[in-house]
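K.L.:
Here is what each chain is made of, one letter per residue.
2 protein chains.
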Amino acid sequence: MVETTKTQVEIVEGGTVLSPIGFQAAGIHGRLRKTRKDFGLLVSDKPASVAAVYTQSHFQAPPLKVTQASIAKQQKLQAIVVNSAVANACTGEQGLSNAYKMREMISSRFGFPEEYVAVASTGVIGVQLPMDKISYGCKTIEPTSFGASDFQQAILTTDTCEKATCYRLTVDGKVVTIGGTAKGSGMIHPNMATMLSFITTDATIESEYLQAALSVCVDKSFNQITVDGETSTNDMVLTMANGSVDHNPLSPEHPDWNVFTEALQLVCEDLSKKIAKDGEGATKLIEVNVRGANSVSDAQIIAKKVVGSSLVKTAVYGKDANWGRIVGAIGHADATVHPDDCDIYIEGQLVFSKGTPCSFSEEQAIKDLSKEEVTIDIHLHEGDGIGTAWGCDLTYDYVKINASYRT
Amino acid sequence: MVETTKTQVEIVEGGTVLSPIGFQAAGIHGRLRKTRKDFGLLVSDKPASVAAVYTQSHFQAPPLKVTQASIAKQQKLQAIVVNSAVANACTGEQGLSNAYKMREMISSRFGFPEEYVAVASTGVIGVQLPMDKISYGCKTIEPTSFGASDFQQAILTTDTCEKATCYRLTVDGKVVTIGGTAKGSGMIHPNMATMLSFITTDATIESEYLQAALSVCVDKSFNQITVDGETSTNDMVLTMANGSVDHNPLSPEHPDWNVFTEALQLVCEDLSKKIAKDGEGATKLIEVNVRGANSVSDAQIIAKKVVGSSLVKTAVYGKDANWGRIVGAIGHADATVHPDDCDIYIEGQLVFSKGTPCSFSEEQAIKDLSKEEVTIDIHLHEGDGIGTAWGCDLTYDYVKINASYRT
Chain P
701 MVETTKTQVE
711 IVEGGTVLSP
721 IGFQAAGIHG
731 RLRKTRKDFG
741 LLVSDKPASV
751 AAVYTQSHFQ
761 APPLKVTQAS
771 IAKQQKLQAI
781 VVNSAVANAC
791 TGEQGLSNAY
801 KMREMISSRF
811 GFPEEYVAVA
821 STGVIGVQLP
831 MDKISYGCKT
841 IEPTSFGASD
851 FQQAILTTDT
861 CEKATCYRLT
871 VDGKVVTIGG
881 TAKGSGMIHP
891 NMATMLSFIT
901 TDATIESEYL
911 QAALSVCVDK
921 SFNQITVDGE
931 TSTNDMVLTM
941 ANGSVDHNPL
951 SPEHPDWNVF
961 TEALQLVCED
971 LSKKIAKDGE
981 GATKLIEVNV
991 RGANSVSDAQ
1001 IIAKKVVGSS
1011 LVKTAVYGKD
1021 ANWGRIVGAI
1031 GHADATVHPD
1041 DCDIYIEGQL
1051 VFSKGTPCSF
1061 SEEQAIKDLS
1071 KEEVTIDIHL
1081 HEGDGIGTAW
1091 GCDLTYDYVK
1101 INASYRT
Chain X
701 MVETTKTQVE
711 IVEGGTVLSP
721 IGFQAAGIHG
731 RLRKTRKDFG
741 LLVSDKPASV
751 AAVYTQSHFQ
761 APPLKVTQAS
771 IAKQQKLQAI
781 VVNSAVANAC
791 TGEQGLSNAY
801 KMREMISSRF
811 GFPEEYVAVA
821 STGVIGVQLP
831 MDKISYGCKT
841 IEPTSFGASD
851 FQQAILTTDT
861 CEKATCYRLT
871 VDGKVVTIGG
881 TAKGSGMIHP
891 NMATMLSFIT
901 TDATIESEYL
911 QAALSVCVDK
921 SFNQITVDGE
931 TSTNDMVLTM
941 ANGSVDHNPL
951 SPEHPDWNVF
961 TEALQLVCED
971 LSKKIAKDGE
981 GATKLIEVNV
991 RGANSVSDAQ
1001 IIAKKVVGSS
1011 LVKTAVYGKD
1021 ANWGRIVGAI
1031 GHADATVHPD
1041 DCDIYIEGQL
1051 VFSKGTPCSF
1061 SEEQAIKDLS
1071 KEEVTIDIHL
1081 HEGDGIGTAW
1091 GCDLTYDYVK
1101 INASYRT
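Residue numbers (our numbering), protein chains in the order written: chain P, 701 to 1107; chain X, 701 to 1107.
One should not assume that every hint holds.
It does not matter which identical chain is meant; a pair holds if it fits inside one copy or across any two.
Stated by the list, open to error - Here are the simulated EDC-like cross-link-like pairs (lysine to aspartate or glutamate), alpha carbons at most 16 Å apart as the crow flies:
1. 920 / 962
2. 765 / 793
3. 1054 / 793
4. 1054 / 1040
5. 874 / 1063
6. 920 / 710
7. 734 / 872
8. 746 / 1040
9. 973 / 1073
10. 776 / 814
11. 765 / 1040
12. 920 / 1062
13. 746 / 1073
14. 746 / 946
15. 734 / 946
16. 773 / 713
17. 1067 / 946
These are computed hints drawn from the structure, not numbers from a lab.
All chains, full assembly: derive it from the sequences and hints.
P.N.:
Shown next, in the form of structure tokens:
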């Protein structure tokens, strides 16, 4: 059996989607917005294996349909073209036709087969893409090896900062890199679409196995964050593995499989936390760890219920060590819970034990809850299941941002 | 087959839990709080059939356990004793023992069998009942035929108003009355328990059938309101039917069964809407009607998802006719939805039709959204399922109330 430890995976400070070998990117002002960058392109030097996870919304936007059609053909991608400002969602037949045109323009300009091109859009929904501007973008954008930051900026909507991460590992003794970027769930403008993430790696791996790894990682990261419980029409995570590092192809049988999935998990987790922390109006990242649950699924359900509770979020904003809010949220989670066995810690301080509150230092709690990152630990004493979820506090600014846009 | 119409059921203006024959009540200042009434008693002249619905929270409070134990014995009740200020939740063995003592004190003072007494508490959780004050209340409270308003006041916590409703119908040609009161889901104080409702009727009906009727009604009323998606440790709906009106016992075979269930449904619905409208910091009642769903269950799920969406709630607060928020909420409801068939109306104005937005009058929408009650209609064109849910807007005051209590 293979032993893997955290020490085999290391973070690459300042790393991006262009840290892995064989990728280029660009981000430009495509004139969809007044001044900010709004049009991006990420390309691989050669056709890459691909894995994707899409929104579960019934209202899936045209760009997602086009991307799914591309990937379905050969399970390969060489380019991802993205625009912000307009999400091309709830746009009917014309929206779908526009998304296909956007794909075609990149395909013909760079000579990639159409099915090697993915399309992503984010921004206002219910509005058609301005195709003259999209066409301008497709004609003028020039990917380079130093375009990562421009690309990261071009995909943002109401995010307050670029989001990037990168990890390095060794496969068959060779250095493999995984980089990622994301745009968050800020939804300041009305009808704004939500979460996009693009991950690159120079690892050699078939799409089938990349997909298996990504699905597991997304379940424990992007699917465990919540800003306000909403799912957008355009959410998508796309991963390209271009095989620029020549090692034995990764699969669950490969001795370094666990190291690879661990690194991919860290990339997904980092990006998820950055998104949660940059939630609308948020001042804090909240992490909820559940252990001792009957199953991993139970632990994840409870963690997400607690971090998603408006009352928990508001209490954390108010620096209130309000175990009652946490009990309330655990109480109606669809999972096995025996109240008399349940312990709750806020920033390491036990506040609730075996079904009743403990005496604890309010002074310390206020100090702890003033931090930018607040951790809540819950021990259920039911079994071995563990799970984590991330979110943010609920503030006056969340209401302001979302109430006052159009009136 | 029996034909029933709305005209057979009529509202009793100013009616209360004491409008049905054979009930008495009182509400006093039992010294749990500084000045407000905090201790109530509702009694029936004779043992009444009973139906109950309890919180689904894993953390079920001691008073609920005692009430369940009472009802389990003979399915009869003659008294409901309630205190506010302290919920007696998360209080362990001592809390359970105190709830039993509270039952015993009422039982011995009024000469009811212990199993004819139900106990309810609402208020701060994690704190033991002050038994000296509970004892004082049990010894001094005197139910009368004019104590309805006092009782209604005594059960309130952070509600801004008393809640009462009453309907009248005829069974076998005789007038039957159903009255109800409730306390709402205001949760200003930390760890405050939530929703209580008490319903009385002079109808003659076995507990078994009363329970069947109540369960159906609660599913379409109390279970379809949401202020912030939270379930409390103490939620309970209790119904007593004392048979003071002598008619053939009601059952699904009785020709007036449908009229009775309709009246009970109206009582539950009225109280539910009053609770939703009095949500913390709320300025508006939001009603979401879904029709054309694949099933009643699908319609109810979607209605509740929309009315519970923080983004929909905030948009309504901001008078923003933001169909995108509604699409977002419908999009991730666990129900059958075909976006291309979906229509959305805000206060009767079509804003989204067959998967794409419509042009509509923004001016009219702002006027409509300035009302105290806002209705959103959704037509899915899938089947015959209909469902309704109620909630309130999300305001600065919600954040203020819930963030600033203890710091």
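K.L.:
Run every hint past the structure and note whether it holds.
P.N.:
The hints, checked one at a time:
For a Cα distance limit of 16 Å, the shortest separation of residue 920 from residue 962 inside one copy, 11 Å, qualifies, whereas the shortest one across copies, 47 Å, does not. In the homo-oligomer, the alpha carbons of residue 765 and residue 793 lie at most 16 Å apart inside one protomer (12 Å), although the nearest pairing across protomers, at 57 Å, exceeds that limit. Taking CA atoms no more than 16 Å apart as the test, residue 1054 paired with residue 793 passes between copies only; the shortest distance there is 11 Å, against 57 Å inside one copy. For the identical chains of this complex, residue 1054 and residue 1040 are intra-copy neighbours only, at 4 Å inside a copy versus 51 Å across copies, given an alpha-carbon limit of 16 Å.
Taking the shortest Cα distances, residue 874 and residue 1063 never come within 16 Å of each other, neither inside one copy (51 Å) nor across copies (64 Å). Taking CA atoms no more than 16 Å apart as the test, residue 920 paired with residue 710 passes in neither setting, with 20 Å inside one copy and 54 Å between copies. With identical chains, the CA atoms of residue 734 and residue 872 are never at most 16 Å apart, being 49 Å at best within one copy and 73 Å at best between copies. Taking the closest pair of Cα atoms, residue 746 and residue 1040 never come within 16 Å of each other, the shortest separation being 58 Å inside a single copy and 38 Å across copies.
Within a single copy, residue 973 and residue 1073 get their C-alpha atoms as close as 10 Å, which meets the 16 Å cut-off; across copies the closest is 38 Å, which misses it. Taking the shortest Cα distances, residue 776 and residue 814 sit within 16 Å of each other inside one copy (11 Å), while across copies they are farther apart (73 Å). Only between protomers do residue 765 and residue 1040 lie at most 16 Å apart by alpha-carbon distance; the minimum there is 14 Å, versus 48 Å within a single protomer. In this assembly of identical chains, the alpha carbons of residue 920 and residue 1062 never lie at most 16 Å apart, being 33 Å within a copy and 42 Å across copies at closest.
In this assembly of identical chains, residue 746 and residue 1073 lie within 16 Å of each other by CA distance neither inside one copy nor across copies; the values are 40 Å within and 58 Å between. Taking CA atoms no more than 16 Å apart as the test, residue 746 paired with residue 946 passes inside one copy only; the shortest distance there is 13 Å, against 86 Å between copies. Taking the closest pair of Cα atoms, residue 734 and residue 946 never come within 16 Å of each other, the shortest separation being 44 Å inside a single copy and 76 Å across copies. In this homomeric assembly, residue 773 and residue 713 never come within 16 Å of each other (Cα to Cα): the closest approach is 36 Å inside a single copy and 67 Å across copies.
Taking the shortest alpha-carbon separations for residue 1067 and residue 946, neither the intra-copy value of 51 Å nor the inter-copy value of 65 Å comes in at or below 16 Å.
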